[in-house]
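Novice: These protein sequences, in sequence, are chains A, B and C. Numbering-wise (numbering that gives the first Met the number 0), the first sequence opens with residue 0 and increments by one. Numbering-wise (numbering that gives the first Met the number 0), the second sequence opens with residue 0 and increments by one. Numbering-wise (numbering that gives the first Met the number 0), the third sequence opens with residue 0 and increments by one.
Treat the hints as calculated values from the structure; they're not laboratory data. The beta carbon of each residue, even a glycine, is placed where N, CA and C say it ideally should be. Be a bit skeptical, because a hint or two may be false.
With the Cβ distance kept under 8 Å, some of the chain A side facing chain B (calculated, not the full set) [to be verified]:
#: 1; residue: 67
#: 2; residue: 70
#: 3; residue: 71
#: 4; residue: 74
#: 5; residue: 75
#: 6; residue: 79
#: 7; residue: 82
#: 8; residue: 161
#: 9; residue: 162
#: 10; residue: 175
#: 11; residue: 193
#: 12; residue: 201
#: 13; residue: 205
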Amino acid sequence: MASLGIDVLFKGTNFLRLLQGLWVSIEISLISVVLSILLGLLVGVLMTVNNKVLHAILKVYLETVRIMPQMVLLFIVYFGTTRVFGWDMSAETSAIFVFTFWGTAEMGDLVRGSIKSIPAIQFESAWALGMDKVQTYFYIILPQTVRRLIPLSINLITRMIKTTSLVMMIGIVEVLKVAQQIIEANRKTSPNAAFGVFLVVFLLYFIVCWPISRLATYLEKRWA
Amino acid sequence: MDKDILIEYLPLYKDALILTLKIGWQGIILAFVIGLIGSAILHFKVKVLKTIVGVYIEIFRNTPLLVQLFFIYFALPKVGIQVTAEACGVLGLGLLGGAYMIETFRSGVEAIPVIQTESAASLGMSKLQILWHVILPQAITISIPGLLANVIFLLKETSVFSTISLMDLMFTAKDLIGMYAKTIECLFLLVVFYLIMLLPISIIGAVVERRMRYGQFGD
Amino acid sequence: MKKNFVKRLTGGLLVAGLVGAALTGCGSSASTNEVAATGEDTVEADSNAGFRTLDEIKESGTINIGVFSDKSPFGFVDENGEYAGYDVYFAERIGKDLGVEINYVSTEAANRIEYLQTGKVDIILANFTVTEERAQEVDFALPYMNVALGVVSPDSAVVESLDDLGADDQIIVISGTTAETYLTKNYPDIKLQKYDAYAEAKTAFENGNGVAWANDNTEVIAFSLENEGYTVGIPSLGDQDTIAPAVTKGNETLLNWLNEEIESLGSENFFHADYEATLLDTYGADYEDTLVLEGGK
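For reference, chain A alone in the conformation it holds in the complex (with noise of 0.2 Å):
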């Protein structure tokens, strides 16, 4: 396999770089995906809120969200806000923003989905029993709301880890930039590491990836 350049991977800290690399992504994705759920629960709860001005805001942000490629995003949040606000936002703050962002679109539309799902019933029934609306919210709906929720949001992260490979464009150095690092520094001593490289990149994704849809596949057959 030497010739395939996996070779190089085992040189000085090559790997362990790309480990930490990795472990970029996935740090961006988990913060965001906390920052997303709470939010979310706020957003998809004000979803449900009968104002007009309220939802015709909501609904702007959730179209934005639908259409514009995150890449357009991180580049207006990290380039953008800078030249127009003068805030100077790092790279790692801007993605979290920007997934964050869309985390939050996205966990609210499926909270309003599971708040509208739970029976009428139930609303009626805490309000009989005297729990004023936040008590309702509090201890009826968002409960059974976040058990609902749990493997969407499980699902929410691999697709998170997978777009952090967007971030090597706004100068974060994450696994894919770090693969392209080590292909630079070695491409006269095997130049055909972009082989090797990539393909472990490839693999690396699948295995951090591959472990969390599953347990989101099976938790949501389970609670189903």
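Use these hints to put chains B and C onto chain A, whose structure you have.
Specialist: Frame of chain A; chains B and C shown alone:
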């Protein structure tokens, strides 16, 4: 924002839109075909092929398109398989999309009550006839909202084509920013062109979904 | 003034429309705070200017320098994860003489101006060729290297003149480089195949995706020397240019310090030492005098 610059860049974005759509649609058609064949294989539980389709779905749903493209475009030539950038774009999009389309069609097929298959069988229709005349027409209709969502997803994914030298919308914006540093204008046009490309599809998707729900309730 | 205001306003509306929906609509202004709290490594920029002055950099104890991380032998990351190369050797010296830590920011060619204008780096030391267009956007310090454009192609089909190219032949360039601008302007009919990153462009060239690769001649010469089977058919194209550090437009304190630094380094023949440490392996001694610029002249 400088109006002259917007006008000057407009043709470049138009070219990029055409390229994005050209590769996008070819990829989507490929994905559609893979989706149909794959879901048929799963539906009929064809031995061996069934396993291959399963593995294919898992691999392409659990790796990023960017990495898939990198692998096809930069790594495969090292072992003697040469692909042009455009072919790589179509292939990458088609393979990724196919994995999602199979799932979409399958849930469409599963949504059709078993009794229809049984009735068709009792009328003496063959398995293929049932698929072609009874299941597929309904399954595709049921799948339309999911299909359109996949189309939007795939067209959005074209934004990573810049890495394999295809001048799509995203790359055009990045490239112009790199050469002339007119960031605001470039990003503005970028957003506008994505809206032009995807908003109509998104709206159609919403309308179709509403229509279909009425249709189902009316039955 | 007015134009500027309109520019900001329209730009603001654009971004606000997209990004602001979350902030205004969902009462999630908390997200900005929470998100900001998780961000790391950012050195606070002066809020009312797009750059940090020399004193602000010294005070913070860290300087942000934008370099390439995939452009061997000028700026790359070695197998131990350390930045290295001709540009980095100079960057290390800047850090030492300023008495601050260096935070390297990995840039792509097309992002360099953007990084400076948004104040995300203090200095760009990423093989940045001085051109008139760029000088309108950023401030260049004194140069430290000579450069021209060059074109490398495989031995089997050496491209010796751009006029010989067939109608379907594609030339590989990197987005945001002088080669791209030059060819776009002077040879609008040549089909360019553009890549974001050096690593990608070189791999594509090796894979035979284009008939030739046009870039700084330093870079293409290095490529032909390091890899067998390639010839630099066109060693010099366009004007002789220079490479210099760049800072955000108007950052005079840092610019002046850099100029003095480059002048004083000339007396100790610093860039010759830099060449011998980082480029000798690739170029041999022959190119030392043509490439190196000492003391800014």
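Novice: Compare the structure with each hint and give your call.
Specialist: For each hint, the structure was consulted:
1. For the restraint placing residue 67(A) at the interface with chain B, the shortest Cβ-Cβ distance is roughly 6 Å, inside the 8 Å limit, so the hint holds.
2. Satisfaction of the interface hint for residue 70(A) is found here, the shortest Cβ-Cβ separation to chain B being roughly 4 Å, below the 8 Å cut-off.
3. Interface hint status for residue 71(A): upheld, as the beta-carbon distance to the closest one in chain B is roughly 6 Å, under 8 Å.
4. Given the 8 Å rule on beta carbons, the hint for residue 74(A) holds: about 6 Å separates it from the nearest Cβ of chain B.
5. The criterion of a C-beta within 8 Å of any C-beta in chain B is met by residue 75(A), whose closest approach is roughly 6 Å, and the hint holds.
6. A distance limit of 8 Å between C-beta atoms decides the matter here; for residue 79(A) the minimum to chain B is near 5 Å, and the interface restraint holds.
7. With a least beta-carbon distance of about 6 Å to chain B, the hint placing residue 82(A) at the interface is held under the 8 Å criterion.
8. The interface hint given for residue 161(A) is met, as the beta carbon of that residue sits about 4 Å from the closest beta carbon of chain B, less than 8 Å.
9. A hinted interface residue such as residue 162(A) counts as satisfied when its beta carbon comes closer than 8 Å to some beta carbon of chain B; here the least separation is about 7 Å, so the hint holds.
10. Satisfaction of the interface hint for residue 175(A) is found here, the shortest Cβ-Cβ separation to chain B being roughly 7 Å, below the 8 Å cut-off.
11. Among the interface hints, the one on residue 193(A) holds; its C-beta lies about 5 Å from the nearest C-beta in chain B, closer than the 8 Å criterion.
12. Given the 8 Å rule on beta carbons, the hint for residue 201(A) holds: about 5 Å separates it from the nearest Cβ of chain B.
13. Interface restraint check: residue 205(A) against chain B, minimum CB-CB distance 5 Å, threshold 8 Å, status holds.
Going through the hint list in order, the structure satisfies each hint without exception.
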